[in-house]
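Asks: Here's the letter readout for the chains.
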Amino acid sequence: MSIDGMLTILMYALAPFKWLLIMGLIVIIALHLLTYLRGYKITHHRSRLTNLLALLIGLTAILWVPWLTHSTLGYVATVFDWIALLGAATATSVIAFIILHPLSYLISFRDKE
Amino acid sequence: MQKSPLLTRRELLKVGSGLSVGSLLPFSGLSASTLRTQAHIVIVGGGAAGMAMVNRLARRLQGGTITLVEPRETHHYQPGWTMVASGIWAAEKTMRLNAQFLPRGVKWLRDYADSIDADSKRITLVGGETLEYDFLIVASGIQLNYHLIDGMTPALVGQHGIGSVYAGIEGASRTNQAIQTWLQSGHGRGIFTAAPTPVKCAGAPLKMTFTTLSRLEDTGRRDAFDVDYMAPGASLFSQPWVDEFVKQRFDSQGVNRRHHYRLSAIDPQAKQAEFAFVGPESEFTSHHQLREAEFRRDDQPTVIADYDFLHVVPPMSAHDFVKQSALIAQDGPFRGEWLDVDIHTLQHNRYPEVFGIGDVIGAPINKTAASVKAQAPVVEGNLLAVMQGNALPASHSGYTSCPMITGIGKAMLVEFGYADNFAFMPSFPFIDPTEESWAVWVMKDRMLQPAYYAVLEGKA
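Residue numbers (this note's numbering), protein chains in the order written: chain A, 1 to 113; chain B, 114 to 573.
It is worth saying that the hints were derived from the structure and are not from the lab.
These figures come from a predicted structure and were not determined experimentally.
Treat the hints with caution; some may be incorrect.
If you anchor each label on the Cβ, the simulated ranges turn out as follows [unchecked claim]: (1) B:G333 with A:M11: 35 to 43 Å; (2) B:Q297 with A:I62: 30 to 38 Å; (3) B:Q290 with A:L103: 40 to 48 Å.
Quick reminder that beta carbons are idealized off the backbone N, C-alpha and C, glycines included.
Let the hints inform the model, and build the full structure from the sequences given.
Replies: Here it is in C-alpha cells:
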C-alpha cells in the first residue's frame, strides 16, 4: 500500500475524533506554555506522585479501552491482543504524564509562592 | 457469439488506442503512468467496486470519457450493516454521499441500467437514455430476490418478528429493533436462515447469529430462548476450517443446526416459516449453484416452524438487466445467474471489452468489499492492457476476507483465496486466522471502514 493510501486510511480513522484531538492538543500546548513561562522544564521537575498517577491511569486503560471498543477484557486473548492493549495503556500513561507533570509543577510553584 | 480474448486490431483503432501508450508501465509498474485514449468507458454501478474503478481509471486515463451509471446519491458502507443490525452502530455511521468519492471529469448518470446489448456495445437506461461504450465494467452488485420466498417482502423486515440484515440500512436498523423486541419478550424461538444461492458477505448470516447469541446471553436468561440455524446444505461457510469451527461453536452455544433446509415461505401474521427439505445430497454452501428456475419443486417435503424472531437471508443473483443480457454465464455453475468472467483475469469470457468486478461476477467466493480491494488493481491493469492490445498481465487470487464476528467484542480475521480448497491467505503474520481476537474486533469496529473508503478512492 502506498503512503498516500495509508494517510487516507488514517485520515478517515481520525475524522470522527477530529475535534477531540484538536481540543486535547490545545489543552496540552496551553498547559505547557503556561508552565514554561513559569520556568517549567520537563527534565528538571521531579514528581513521584505524578509518575505514579500516570502509571495508574495507564493501567486503568486495560479495563476501559476494551469497553470503549464495545468489548470486554475477557476477550483480550491473543498475544497480539495483549500487545495492542498494553500499547494503548502505555500511550494513555504517556498522555497522562504529559498533562499531570506540568500540572504538578504549577501546584508546587503556587505552594512556593 | 464467440470472440477472441483480445480485441482485434480494427477494434483497437476504432477506440483510439492508436494512442500514445509509451508511457504506460506494465501492471507491476505503478499507477503514476497514464494512458492517452479517446475511448468511452462505462462503469455500471457505483458501489465499492464501481467507485474504486472510477477513481483508478480517472487517474490512469487521459482524454477518454468515463461514465458512471449509479442512481443513488448515498453511498452505503454495507460491511457495517451487521454492526447496525446488532445494535452496535448507529445507521448514520454507514452513510456518505457518493459525490464525496467521485473524481472530477467523470460523467455521472443518476439512473438505473435497463438493458445491455453486448453485441452492439450499448446500454439503455431506465430513463430511456442510450449509451454506447468502447469498454464496459459491470459492477452492478447483487439483486436480492425476496420474492422467491413466498409471502416475504423487504417491507416486512422489522414487523412480525422478521429481520434481514441485507434489506438495506433501514432493514438493518429494523432488524435490530426486531431482535430487541424478541429479547424484551423474555423467551421464544429465533430461527436464523441461510440462502440456497451465493450471497454477498457470506459470513453475515453467521455473524448475525453470533451477535444475537451475545445479546441473549447478556439478558441472563439464555435458557429461555431457543435458537435454530437452518442451512440449505451441509456446510455453513465455504472455508473448511471456519465451517467446522462455526459448527462446533454453534453446538457449544446451544444453537440447533438443521441442514438441507431452505426457507420457502413465511406467514408473518401467524409467525410461521415453511422450510423445504432440499435433500440429503444437497451440498449447498454460501457459493452453491441453485438457480431461480429450480426453486419451486413440488416433490420437496416441507416443514412448518413457529418463530418469535426470523432472520431472513434472501436468494441472490445478478440484476435482471444483466441476467437478460448476453453477458450472463451460459453454462457452468453460474449459468443464468451471474456475470460470465474469467475468475482470475476478471475479463468477460466472450466479450473482451467487458470486465466484471464485485458481487456480480460468477465466482466461487468473492462477494465482499475485501475482494473488491484485491480485484480493482487487476481490472485496472488488465483493462489498460486490453486497450493497448497487450496480453493480460494481472491475475486475481480469489482473495477475500471476512472478519468473522463470533460474539459482540471478538472476531477472527478470516482471509482466504481460490487455491488449495480456499486455504488461508493471512495478510498479517502476527494475526492467526484461527484465533478469536479482541484486536481483530477493533479492526472491524474502527479500521475497516476507513480502509474501505481508501479503496473507494482507489488508494488501497
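Asks: Run through the hints listed earlier and report the numbers of any the structure violates, in increasing order.
Replies: Per hint list: zero violations.
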